[in-house]
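**Student:** Here is how the chains run, residue by residue.
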Amino acid sequence: MEMAFRWDFAYEILPKLLWATVNTILAAGIGYLIAVIIGLLFLLGQRTSFKILNMLVREIVEFIRSTPLLIQLFFVYFVLPQFGITLSAWVCGMLTIGLHFGTYLCEVYRGALEGVPKTQWEACKALNFSSLYTYRRIILPQAFPIAIPGMGNYLVGIFKDTPLLSTIGVAELFHAATAVGGYNYRYLEPYTMVGVIFLVLSIPAAIWVRRLEKRVNKAQGKTIK
Amino acid sequence: MAQTNEPIVKFSEVTKRYGDLVVLDKLDLEIKKNEMISIIGPSGSGKTTVLRVLMTLEKINSGVIYVDGEPLTHMLSSGELIEANEKYLRERRSKIGMVFQQFNLFPHMTALQNCIEAPMQVLGMNKEAAEERALELLELVGLSDKKDQHPSRLSGGQQQRVAIARALAMRPKVMLLDEITSALDPEVVGEVLNVIRSLNKEYSLTMIMVTHQMGFAREISDRVCFFTEGKILEQGPPEKLLDDPKNERTKQFLHAVLDAN
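Chains as they are written, first to last, in the numbering used here: chain A, 37 to 261; chain B, 6 to 266.
Watch out, some of these pointers could steer you wrong.
To be verified - Keeping only pairs whose Cα atoms sit at most 27 Å apart, straight-line, the calculated BS3-like set for lysine-lysine is:
id: 1; chain 1: B; residue 1: Lys132; chain 2: A; residue 2: Lys254
id: 2; chain 1: B; residue 1: Lys236; chain 2: A; residue 2: Lys250
id: 3; chain 1: B; residue 1: Lys92; chain 2: A; residue 2: Lys154
id: 4; chain 1: B; residue 1: Lys251; chain 2: B; residue 2: Lys15
id: 5; chain 1: B; residue 1: Lys206; chain 2: B; residue 2: Lys31
id: 6; chain 1: B; residue 1: Lys31; chain 2: B; residue 2: Lys100
id: 7; chain 1: B; residue 1: Lys251; chain 2: A; residue 2: Lys161
id: 8; chain 1: B; residue 1: Lys37; chain 2: A; residue 2: Lys87
id: 9; chain 1: B; residue 1: Lys15; chain 2: B; residue 2: Lys37
id: 10; chain 1: A; residue 1: Lys154; chain 2: B; residue 2: Lys64
id: 11; chain 1: B; residue 1: Lys31; chain 2: B; residue 2: Lys15
id: 12; chain 1: A; residue 1: Lys87; chain 2: B; residue 2: Lys92
To be verified - For each label pair, taking beta carbons as the anchor points, the in silico distance ranges come out as:
id: 13; chain 1: A; residue 1: Leu69; chain 2: B; residue 2: Arg158; range: 54 to 60 Å
id: 14; chain 1: A; residue 1: Ala215; chain 2: B; residue 2: Ser157; range: 50 to 56 Å
id: 15; chain 1: B; residue 1: Gly74; chain 2: A; residue 2: Trp244; range: 39 to 45 Å
id: 16; chain 1: B; residue 1: Asp248; chain 2: A; residue 2: Leu80; range: 55 to 61 Å
id: 17; chain 1: B; residue 1: Glu137; chain 2: A; residue 2: Ala255; range: 21 to 27 Å
id: 18; chain 1: A; residue 1: Gly151; chain 2: B; residue 2: Leu128; range: 27 to 33 Å
id: 19; chain 1: B; residue 1: Ser157; chain 2: A; residue 2: Ile243; range: 24 to 30 Å
id: 20; chain 1: A; residue 1: Pro185; chain 2: B; residue 2: Arg158; range: 22 to 28 Å
id: 21; chain 1: B; residue 1: Glu18; chain 2: A; residue 2: Leu80; range: 27 to 33 Å
id: 22; chain 1: B; residue 1: Asp248; chain 2: A; residue 2: Val252; range: 52 to 58 Å
id: 23; chain 1: B; residue 1: Ser157; chain 2: A; residue 2: Leu80; range: 54 to 60 Å
It is worth saying that the hints were derived from the structure and are not from the lab.
Just so it is clear, the structure is predicted and the values come from calculations on it, not from any experiment.
Backbone N, C-alpha and C fix where the C-beta goes; we use that ideal spot for every residue, glycine too.
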């Protein structure tokens, strides 16, 4: 087998890989959206004064955080059907990624809320704000900029973990590259291209997150070193 | 200052504990309308706690606090006083305003926004009226030209003056000032004290001030209370308490403070 990088072959398979990239971006986007929402639900569960729910949510979060995503994917996709719950590869993948990264985002949110000084709550009380209003206008706007770097990290994190979805048959980029490679008995070009495509998408995403952070902070009158 | 005899704030056997530590020990304290009170004492004597429980930032363990003739920490339920719920507290708390040692301005809002949020949201004022009032108050504290600045662009003294305007915008009857110059650079302490001076002259406000500024306390207060171990050990008009204290512990404290200066 020829070992040099074959540009003509790379060019030939590029359209196929780009189409699969659309699926990868879609999977990362949907997964992230679900994670953002599930993270909020976990956070609410952790902060409720209802003790049993509170403990339950804490344990669930700890459990999910302490087991690998791949095992969770397999469990949901291959084990749940034995209990009568059958999900398509896409639904299973999105839910599992959402759940898994939801626990991380929950921690990001928690840290951000705790990053707002307690004295802000006191100022709100002294001005007689309701607690809902305190959250909405005073606490959350200050917590958001603190959460942006963490939220950005996990957006890129989810994106880079989407190849795991290939193991349950979601037709994303890595899945497509493996298929192309297997068909032509050449893996050098497809896998190299997968790496390059991930790089090309990850770097702008990271830059965009950093810009967003700066912009939000600036809008709030803060200066960033 | 004109004073009536009816107390606007009354502490009745108020006790506050943190675990085993007794911070307020069956405190009795009456404050008359428009009275200007200074609370002095060593750290850990419970003087800041007096303000914090009055602002309902902390709950008391026993006793009752009355504001304007009605209980603040408790409410009447079928003839008995029970612990107040949040709804009742929100109603009663509106008579009290507080300025903090660390200013606690909202960093994501401009000076003007800091001053109109609560009047609009809590008092239900419309934006024009709230802004008009806020501008008057910013003028009063000498900062109308800084109205569009965020707190991070203001000096400590300026931030504290905005905080005073913000508290005044809620039209409190009682103002609590918690060591409001302690976090400031020495050269800007004067500008904040000047604002308090003019408030004392132009507004009919009851003020309770925890302070280490003995000179200022002497100049402005109607009464000075010396706190130690959660109680008032000695109180009286400033010239009496500060120049001729009766109690040995008060003498010691004043000596220590004057030596430090």
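**Student:** Taking the hints in turn, state whether each one holds.
**Tutor:** Hints, verified against the model:
At roughly 25 Å between alpha-carbon atoms, Lys132 (chain B) and Lys254 (chain A) fall within 27 Å of each other, so this suggested pair holds. Distance hint between Lys236 (chain B) and Lys250 (chain A) is unfulfilled; the C-alpha atoms sit about 50 Å from each other, more than 27 Å. Taking the CA atoms of Lys92 (chain B) and Lys154 (chain A), the gap is near 22 Å; set against the 27 Å cutoff, the hint holds. A distance of roughly 25 Å separates the Cα atoms of Lys251 (chain B) and Lys15 (chain B); the hinted pair therefore holds under the 27 Å criterion.
With a CA separation close to 33 Å, the supplied pair Lys206 (chain B) and Lys31 (chain B) exceeds the 27 Å bound. Distance check on the hinted pair: Lys31 (chain B) and Lys100 (chain B) sit about 24 Å apart at the alpha-carbon level, within 27 Å; holds. Using a Cα cut-off of 27 Å, the hinted pair Lys251 (chain B) and Lys161 (chain A) is violated, with the two alpha carbons roughly 39 Å apart. For the hint pairing Lys37 (chain B) with Lys87 (chain A), the CA-to-CA distance comes to about 44 Å; that exceeds 27 Å, so the pair is violated.
Between the alpha carbons of Lys15 (chain B) and Lys37 (chain B) the distance comes to roughly 9 Å, so the proposed pair stays at or under 27 Å and holds. The straight-line distance between the Cα atoms of Lys154 (chain A) and Lys64 (chain B) is roughly 16 Å, inside the 27 Å bound, and the hint therefore holds. Straight-line distance between C-alpha atoms of Lys31 (chain B) and Lys15 (chain B) comes to about 12 Å, which keeps the hinted pair within the 27 Å bound. The hinted pair formed by Lys87 (chain A) and Lys92 (chain B) meets the criterion: a straight-line CA distance of about 23 Å does not exceed 27 Å.
Distance hint check for Leu69 (chain A) and Arg158 (chain B): the Cβ-Cβ separation is about 37 Å, which falls outside the suggested range of 54 to 60 Å. Judged by the Cβ atoms, the range 50 to 56 Å given for Ala215 (chain A) and Ser157 (chain B) holds: they are separated by roughly 55 Å. The given range of 39 to 45 Å is broken by Gly74 (chain B) and Trp244 (chain A), whose C-beta atoms sit roughly 59 Å from each other. Judged by the Cβ atoms, the range 55 to 61 Å given for Asp248 (chain B) and Leu80 (chain A) holds: they are separated by roughly 58 Å.
Roughly 26 Å separates the CB atoms of Glu137 (chain B) and Ala255 (chain A), a value that falls within the hinted 21 to 27 Å. For Gly151 (chain A) and Leu128 (chain B), the Cβ-Cβ distance of about 30 Å falls inside the hinted range of 27 to 33 Å, so the restraint holds. At about 25 Å, the beta-carbon gap between Ser157 (chain B) and Ile243 (chain A) stays in the expected band of 24 to 30 Å. Pro185 (chain A) and Arg158 (chain B) have their C-beta atoms about 24 Å apart, which keeps the hinted 22 to 28 Å range intact.
Between Glu18 (chain B) and Leu80 (chain A) the CB atoms are about 40 Å apart, so this pair departs from the stated range of 27 to 33 Å. Checked against the hint of 52 to 58 Å, the pair Asp248 (chain B) and Val252 (chain A) passes, with Cβ atoms roughly 55 Å apart. Between Ser157 (chain B) and Leu80 (chain A) the C-beta distance comes to about 31 Å, which lies outside the given range of 54 to 60 Å.
Of the numbered hints listed earlier, those contradicted by the structure are 2, 5, 7, 8, 13, 15, 21, 23.
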